[in-house]
Structures are given as structure tokens and as C-alpha cells.
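Asker: Read off the chains here:
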Amino acid sequence: MSVAVVTGAAHGIGRAVAERLRDDGFTVVGLDVEPITAVGVIALHCDVAAIEGHEALIAGIEEQHGPIDALANVAGISLPMSVAELSIAGYRRSLGVLLDGPVFLARAAGLRMAARGAGRIVNVTSVHATHSEAGSLAYDAAKAGLEAATRTLAIELGPQGVLVNAVQPGFVRTRMSVHAGEDELESEWFRSIYLGAGKLPLRRPAEPAEIAASISHLLSPENTYVTGATLVVDGGLTVTF
Amino acid sequence: MRRLEGRRILVTGASSGIGRAVAQRCASEGARVLATGRSAAELERTAAGSDGIVTFACDLAEEGSAEACVGACVERLGGIDGLLHAAGVVRRGEDVRETSDAQLAAFLDLNLSAAFRVARETIRALRAAGAPGSLVLTTSQLAHVGAPGYASYCAAKGGVSALVRALAIDVGPHGIRVNALAPGLTRTPMAYVDRDDFDGSEQTFAALHPLRRIGEAEDMAGPSAFLLSDDSAWMTGQTLTIDGGYTAQ
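Top to bottom, those sequences are chains B and U. When we follow the working numbering, the leftmost residue of the first sequence carries the number -15, and every step to the right adds one. When we follow the working numbering, the leftmost residue of the second sequence carries the number 26, and every step to the right adds one.
The set of hints was computed from the structure by calculation and includes no laboratory data. By construction, the Cβ of each residue, glycine as well, lies at the ideal position given by its N, Cα and C atoms. Treat the hints with caution; some may be incorrect.
Far from chain U, by Cβ distances over 10 angstroms, these chain B residues were calculated [what the hints assert, rightly or not]:
1. His(-5)
2. Leu63
3. Ser176
Covered by chain U, according to a simulated footprint, are these stretches of chain B (three or more residues, beta-carbon under 8 angstroms) [unchecked claim]:
4. 193 to 199
5. 208 to 222
Using the sequences and the hints, build the whole thing.
Answerer: Structure, rendered in C-alpha cells:
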């Protein structure tokens, strides 16, 4: 059976990806700092920002469960800070989870996939990679960086048969849409601008499973030639102005 | 996978290349397909061995042809749920000083206006039925990057990408999605147009791609089925580039 590793598998998009890949027939190893409760998903405690341990972590997973065929880097955090408030610790934590972690997990798993001549990796970025927002400097920079890294990984690992892509979600109904106790998807500005005025053509936020379906496609054998690409899955958000 | 069970899908450009591969993939995933193209004989080859494909020979350069294609789909399959518009032509080695107004108009008509007309007719049928749907228009890597001698082609395909974004906004509230498929260099009959020595250059082209090979029509089939299926339910207005990593460089 094929093996997939999914980070951030406890909640939100990561959990939906773990469940979808499980249903697709993968043996799924989920990584998270919080308890993973998805049925049929092998749970490992892991802080993706702890990059020094990733080589051993990936080696251990392969030793126990077999060669990794697919990696989905989904784990994320949101630490809103204005430029004036930006702390070194908060900035480093954001980049650690959102950029350093995915890069070194992709490196560890990707080099092993390359040695075997096949594998697929998806890095979850965000519309923030191309469209920035006040209070999101570290998040915006990390997500843009991860898309650039996705291209480089694709170029270097492509000749050995490893496909590396990014999926860029927009508004998704997860707990990350809640800031300071307010769910932005229930806010008046979201309703008026995105739903009312049609800034969001599909007129609703996504469910995590809809993002997972795109990731499933890119990690599946039916993807044979898409690599280094970013799949924007945002309900049309970024094609409007 | 059987993600397209019972869906009624119109595929243009189905007498060869990408259109043929997509039509066959859709049928294998359970869709009923109306395959259109200029050559009735080649369409029969597309449909051979598949219960799900019916054919309708049609030249999209002719007036009323888009209406005829969508009309045939509705009449023979009982409706329409999806469109994969693959029909198109290419011109290589263009020197714009030599391009006449008539040549440009004819070329844009086949590559841009025909896409507009087929999409419009599909949207008319979906809206009349009050039904959701998924439209996929084929653009090209060259909608995003330039290349020497491709001015007309780049202009037309860039236009299709812009059309996709605009249509997505207009029809999104009705549950209709519109996306673009952007293949890179692919081994189809079009690869040989204005380039007889294509086979001799293949290794050179392959070496320029991160995946170290050129695309095959079959490489476009899985992503096309994905865009036509509910697995892409949250994607609209977007372009899916399938180019072996070429434009990531």
C-alpha cells in the first residue's frame, strides 16, 4: 500500500487531507503538535518547525511503514502582528512552521523519493502568497517563500521523477478563520464584500474537504506532468479585483 | 476512478491529440461524451471501443457551429454538464510584418472567438436548465510566457485566459465554474505544424523540462477529468498549467 505523510493532521485542512488520502487508499501518517483523532490515521507528535529532527523522522517513518510516496505539507499557524508589533520571536515562529518545516520535510522525503525514482509532494500555501494583508507580514512572506521553494524543488527533483506542487487556498472554514474570538467568515465585512458585492464569485467559503480534493489529485497517479505549479483553489477570489 | 458517472460532457477538438485523450478518459470515468471535431473518420477512431462516446462532426470555423455542437449534446445526451474545449490551431515562425489582417482575423476567430462561442452556448444551455456545470477551455503555456514567432498564438491564448477569469465571475453565482487547461509542449499532430523536424528536436526539447520529457496527450487527461469533476468544486477562474515544470524555471 502507498504511504502518505500529512502535517497538521489534527484539524482543518490537514485533517481533511489525511482522511481523503486514507479513503484514496494510502496508509496515512499524520503529524501534529496536537492529538490526531481522524480514524485510521497513524498519529505522530511532531513540531514541523523542529527541522533538525526531520531527517530522522522521515527515516523512521519509512523504516516502520515503508517508502513514502506522497507528502502533504499542510501545518500552519496564524500570528497576526502589525509591522509595528512584529516581534522577532513571532516572526521566527511563523517562518519556522510555515516555511522552514515544509522545506526540510520536502527535502528529507523528496531526496528519498528521488533515489527511488518517483514521488509527489504538495505544499499548501495561501492566497497570501500573492495577495498580502495588513497584520500578516510573516504569513505573507512565508507563503510566498514556500511557493518559490516549491518551484526549486520541482526543478531539482523533476529529473528523478518527483513532482512538487503548491495548492493555494482562499477562505476555508477552519479554526484559522477565527481571530481574537471572531470568525471572519461570519463577519459583516465578509458578508458584504465577499458575498454581497461578489468579490468571491462562488459566494461562499470552502469546506476543508474541497481543498483536500485538489491535493488528492496532485498526489495521485493521475497527475503525471503537473510540477512546479501552484493550483489556486479559492472560489475565484483572486481573479476578481 | 468514476468521478464523472452520468455526466454529459461536450469535448471539442476530439478528432485527435488532447481532445481525443480527454474524451476517452471522461468516458472511462463514467461520463457520456459528445465528441466533436472536423474529421468524422477520426472521431470514429476516438469513439472506438467506448460505449460512452457519440460523435458529431463539425467545423467550429463555420457560422452556427457552436450552437450546433451544444445543441447536439443536449439533444443526443439529454443535456450538458461539462465542456472541455480543446479545438484550436497553431502558427509557428510568424513574422508579424507578414501577417495580414485577414490571416489575423481568421486565426483569432478559430482560437479565441470559437472558445467564446462554445462557452457562451454551454452557459446558455446550463442557465436555461438552471443547472450547475464545469467549463474547461484549453489555453497554453504561451498564454503566460512569450516565445519567438508565436505572436498571434500568444495573443489568442492570453485572450482565452482572460476570458476564463471574466466568465468565472459572471457565472460563479449560478454554480457554474470556468477554468483553463494550459498544456506545455505536447506530442500531438499540432506539435508538427510549421515544424516538420519535431521528432528530430524532441530530445533537445525534453532536456529543457524538469521532468526531462515532453508532454503526452494522456498527461492532460487526468487533470482535465479533475477540472470537470466535483473534486475541483472550489476552483474557478484559474489556469492549471501542465508543462512538466517548464514555466517554474
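Asker: Each hint should be assessed against the structure and marked as holding or not.
Answerer: We went through each hint and held it up to the structure:
With a closest Cβ-Cβ approach of about 19 angstroms to chain U, His(-5) of chain B is found to remain outside the 10 angstroms limit, as its non-interface label requires. The claim that Leu63 of chain B lies off the interface holds: its Cβ sits roughly 26 angstroms from the closest Cβ of chain U, which is beyond the 10 angstroms cut-off. In this structure Ser176 of chain B is separated from chain U by more than 10 angstroms, as the shortest Cβ-Cβ distance comes to about 16 angstroms. With a cut-off of 8 angstroms between beta carbons, the segment 193 to 199 of chain B has 4 residues touching chain U; three or more are needed, and the interface restraint holds.
Against chain U, the segment 208 to 222 of chain B contributes 13 residues with a C-beta closer than 8 angstroms to a partner C-beta. That satisfies the three-residue criterion, and the hint holds.
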